[in-house]
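2 protein chains.
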Amino acid sequence: MSFGTSEYRTRIQKTKERMASEGIEVLLITDPANMNYLSGYDGWSFYVHQMLVIIIDEDQPIWIGRGQDANGAKVTTWLYHENIIPYPDDYVQSDTKHPMDFVADILKQIGQDKRSIGVEMENYYFTAKCYEHLKKGLPNAKLKDATLLVNWVRVIKSDEEIEYMKRAARIAEKAMETGIKSIEAGVRECDVAAKIFYTQVSGTEKFGGDYPAIVPLLPSGEKTSTPHLTWTDERYKAGDTVILELAGCYKRYHSPLARTVNIGTPTDKVKALSDVVIEGLNACLDAVKPGVLCEEIEEVWRKTIEKSGIIKDSRLGYSMGLNYPPDWGEHTASIRKGDKTILEPNMTFHLIPGIWLDDYGFEASESFRVTENGCEVFAKFPRQLFIKDGLLTN
Amino acid sequence: MSFGTSEYRTRIQKTKERMASEGIEVLLITDPANMNYLSGYDGWSFYVHQMLVIIIDEDQPIWIGRGQDANGAKVTTWLYHENIIPYPDDYVQSDTKHPMDFVADILKQIGQDKRSIGVEMENYYFTAKCYEHLKKGLPNAKLKDATLLVNWVRVIKSDEEIEYMKRAARIAEKAMETGIKSIEAGVRECDVAAKIFYTQVSGTEKFGGDYPAIVPLLPSGEKTSTPHLTWTDERYKAGDTVILELAGCYKRYHSPLARTVNIGTPTDKVKALSDVVIEGLNACLDAVKPGVLCEEIEEVWRKTIEKSGIIKDSRLGYSMGLNYPPDWGEHTASIRKGDKTILEPNMTFHLIPGIWLDDYGFEASESFRVTENGCEVFAKFPRQLFIKDGLLTN
Numbered sequence: 001m002s003f004g005t006s007e008y009r010t011r012i013q014k015t016k017e018r019m020a021s022e023g024i025e026v027l028l029i030t031d032p033a034n035m036n037y038l039s040g041y042d043g044w045s046f047y048v049h050q051m052l053v054i055i056i057d058e059d060q061p062i063w064i065g066r067g068q069d070a071n072g073a074k075v076t077t078w079l080y081h082e083n084i085i086p087y088p089d090d091y092v093q094s095d096t097k098h099p100m101d102f103v104a105d106i107l108k109q110i111g112q113d114k115r116s117i118g119v120e121m122e123n124y125y126f127t128a129k130c131y132e133h134l135k136k137g138l139p140n141a142k143l144k145d146a147t148l149l150v151n152w153v154r155v156i157k158s159d160e161e162i163e164y165m166k167r168a169a170r171i172a173e174k175a176m177e178t179g180i181k182s183i184e185a186g187v188r189e190c191d192v193a194a195k196i197f198y199t200q201v202s203g204t205e206k207f208g209g210d211y212p213a214i215v216p217l218l219p220s221g222e223k224t225s226t227p228h229l230t231w232t233d234e235r236y237k238a239g240d241t242v243i244l245e246l247a248g249c250y251k252r253y254h255s256p257l258a259r260t261v262n263i264g265t266p267t268d269k270v271k272a273l274s275d276v277v278i279e280g281l282n283a284c285l286d287a288v289k290p291g292v293l294c295e296e297i298e299e300v301w302r303k304t305i306e307k308s309g310i311i312k313d314s315r316l317g318y319s320m321g322l323n324y325p326p327d328w329g330e331h332t333a334s335i336r337k338g339d340k341t342i343l344e345p346n347m348t349f350h351l352i353p354g355i356w357l358d359d360y361g362f363e364a365s366e367s368f369r370v371t372e373n374g375c376e377v378f379a380k381f382p383r384q385l386f387i388k389d390g391l392l393t394n
Numbered sequence: 001m002s003f004g005t006s007e008y009r010t011r012i013q014k015t016k017e018r019m020a021s022e023g024i025e026v027l028l029i030t031d032p033a034n035m036n037y038l039s040g041y042d043g044w045s046f047y048v049h050q051m052l053v054i055i056i057d058e059d060q061p062i063w064i065g066r067g068q069d070a071n072g073a074k075v076t077t078w079l080y081h082e083n084i085i086p087y088p089d090d091y092v093q094s095d096t097k098h099p100m101d102f103v104a105d106i107l108k109q110i111g112q113d114k115r116s117i118g119v120e121m122e123n124y125y126f127t128a129k130c131y132e133h134l135k136k137g138l139p140n141a142k143l144k145d146a147t148l149l150v151n152w153v154r155v156i157k158s159d160e161e162i163e164y165m166k167r168a169a170r171i172a173e174k175a176m177e178t179g180i181k182s183i184e185a186g187v188r189e190c191d192v193a194a195k196i197f198y199t200q201v202s203g204t205e206k207f208g209g210d211y212p213a214i215v216p217l218l219p220s221g222e223k224t225s226t227p228h229l230t231w232t233d234e235r236y237k238a239g240d241t242v243i244l245e246l247a248g249c250y251k252r253y254h255s256p257l258a259r260t261v262n263i264g265t266p267t268d269k270v271k272a273l274s275d276v277v278i279e280g281l282n283a284c285l286d287a288v289k290p291g292v293l294c295e296e297i298e299e300v301w302r303k304t305i306e307k308s309g310i311i312k313d314s315r316l317g318y319s320m321g322l323n324y325p326p327d328w329g330e331h332t333a334s335i336r337k338g339d340k341t342i343l344e345p346n347m348t349f350h351l352i353p354g355i356w357l358d359d360y361g362f363e364a365s366e367s368f369r370v371t372e373n374g375c376e377v378f379a380k381f382p383r384q385l386f387i388k389d390g391l392l393t394n
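Keeping their order, the protein sequence lines are chains P and R.
Here UniProt numbering is used: the first residue of the first sequence is 1, the next is one more, and so on.
Here UniProt numbering is used: the first residue of the second sequence is 1, the next is one more, and so on.
None of these hints come from the bench; they were simulated from the model.
These numbers were taken from a predicted model, which means no experiment stands behind them.
Note that beta-carbon positions come from the ideal geometry of N, C-alpha and C, so glycine has one too.
Chain P regions said to be covered by chain R (calculated; three or more residues, Cβ under 8 angstroms): (1) 128-141; (2) 220-229; (3) 327-335.
Within a straight-line C-alpha distance of at most 25 angstroms, the following computed DSS-like cross-link-like pairs (lysine-lysine) qualify: (4) Lys-97(R) with Lys-337(P); (5) Lys-237(P) with Lys-74(R); (6) Lys-114(P) with Lys-129(R); (7) Lys-237(P) with Lys-271(P); (8) Lys-206(R) with Lys-380(R); (9) Lys-206(P) with Lys-181(R); (10) Lys-307(R) with Lys-269(R); (11) Lys-16(P) with Lys-129(R); (12) Lys-340(R) with Lys-129(P); (13) Lys-142(P) with Lys-114(P); (14) Lys-144(P) with Lys-135(R); (15) Lys-136(P) with Lys-136(R); (16) Lys-74(P) with Lys-269(R); (17) Lys-303(R) with Lys-269(R); (18) Lys-136(R) with Lys-129(P); (19) Lys-136(R) with Lys-144(P); (20) Lys-129(P) with Lys-97(R); (21) Lys-74(P) with Lys-312(R); (22) Lys-108(P) with Lys-144(P); (23) Lys-206(R) with Lys-181(P); (24) Lys-136(R) with Lys-135(P); (25) Lys-16(P) with Lys-142(P); (26) Lys-312(P) with Lys-97(R); (27) Lys-135(R) with Lys-142(P); (28) Lys-136(R) with Lys-142(P); (29) Lys-144(P) with Lys-97(R); (30) Lys-144(P) with Lys-129(R); (31) Lys-135(R) with Lys-97(R); (32) Lys-337(R) with Lys-129(P); (33) Lys-237(R) with Lys-74(P).
Extracted from the complex, chain P is given alone in its bound form:
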């Protein structure tokens, strides 16, 4: 397990307090990050239905999942083995049986089917069909939306979680250095991606890396006009701008990092854009401290870059930490207009003020924690446009 049992118990206690305040007696958790956060469960089994059941007046959670994954739950969680309940394999991707029917049956058997039951309505791993089957199977329950209930417990990290994110940052620095060093005219994009993956997963001599929740994003040339393209097996050309967004990951905790490289002298407009973004990024980091609202950081950004004429209409960043594919973000606080979240010590964000225009773009980002009086940036990596061909770089 990644943490001692007492840390898991503290998390359960905080979750139960939120449940109580929202009138939820039984919480069905399908978000793999929330399952891991409360039980330690860690395996690539989230492609089938599984859940953790938190009952407000019971000591331990119940894990329900596919039969062949039950031993995985025994190995990775702090739960009593009798709280690990496997469902038979004919429930898997079947057109006649659904795992949520099994869940409803279990809740009936243990007398929890007439209570107020929270479900994560907006989670990748709780489909529309899951909800329909639960509604049908639990006619006497009061189903309530508990989206993000546990995610909000996750927002403030413990010191041990911060330590894990710092280890992830050591990996992110190595992976970014590897990426920037490998990008040259004539090199295939896939070979750069492969070296980044190698570095992410091997980690450092002292500790290994885990798989990040998002693969390296590596748009190049005109494709830098959009952030979420991966790589091809084409070769870089002289003049190409290349965006690298990646993360280090340690025991499912992330430190994302983005930088931009130009192969040869950048065009004036790429250079100008990089100056704007880096100035704005620096100003935002300077503004972070407890008591500030997320929307106030966005306002600092907007006022700092106003003179450039550039307008960024997408959010500047988001809370992150523990996660599984497809996203390392926590889906809670965002650094954007209208977000009234008040910054507190040990909140952790990825601040990524990328700008994507018609045929080019630029990204530079930092992951940080809020400290007692400011912020601590996790990765130590030069905050600049990197230019490849002997001009600068590290």
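Please build the complex by placing chain R on the supplied structure of chain P, with the hints as guidance.
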């Protein structure tokens, strides 16, 4: 794009035929593999809501997604740019606005909101909340479950798709060879995983690799009692059994492959289990040909291994090919009791008769296509228990 426009048009036509037979006039596709299959769209943007809209009497699909991903849709799809409709960023992970409200508004604007509308109820990327918002936003529509409608179109592959899966198999062979060669007592699990990732993504000299939909699964020692654990930074010990399940991936098409390695002489029970699984696997492959039902392959397995006393209660395999995380399986045909799918040429399966017992397990698998009179196994890789320390291996 991975295919010519005519292949995409053929796929759209087949999809419309299924829509017609199920009384669906408008199909909202949220499965990223189905989106890719019909439009070419390829980007790691599925962590926010996006969809492809197929209208039965319109020539082209409509792509709806996040603003910053619209340029990605322009780069990777065959769609007219006016059919690419971005939503503003304040719909992203917001507690006041939902992207499905935007989708409902668009359907109203184009006069499609009073029709029979299919949604993929059982898909990771169509949450319970998506459905609730669509129901509210489209009061005059008749919403129908269209789960797997496009997945079933995908079941029979074109020759070009088969060629992509063969390329994926070349990568899988290299990745498996790398993994088996790297596993030694004293080596960290993460370093083996890192080398596998490197090989998967760099691919071959002729073509690069794409990211598989599942990371390498590498349970070792007692953890081989369960299939879906990944890796740690601990070191392998002499005597450890190690399961490797991985895939090669080319342009989102997969060829999965599993093998098991023993560091030093295996115990008698591991050796015996490997003999059972490999005999059963061989018998199943021999039984594959057009006209046979999926459940008949399972029956061959059961009768072949009956004498061993081992019972496998989980499915033996599944249709697969094009996909995105978290699963490379297509969620259509399964090789198991009760599955009446009739095998046809160019159906493609991953046959993975893994056995996981109380404290050990064994996996060996093959990906294959059904041919005119039998089956063609994609990867050329010895089908055996690998024993590391000069005894055999390749």
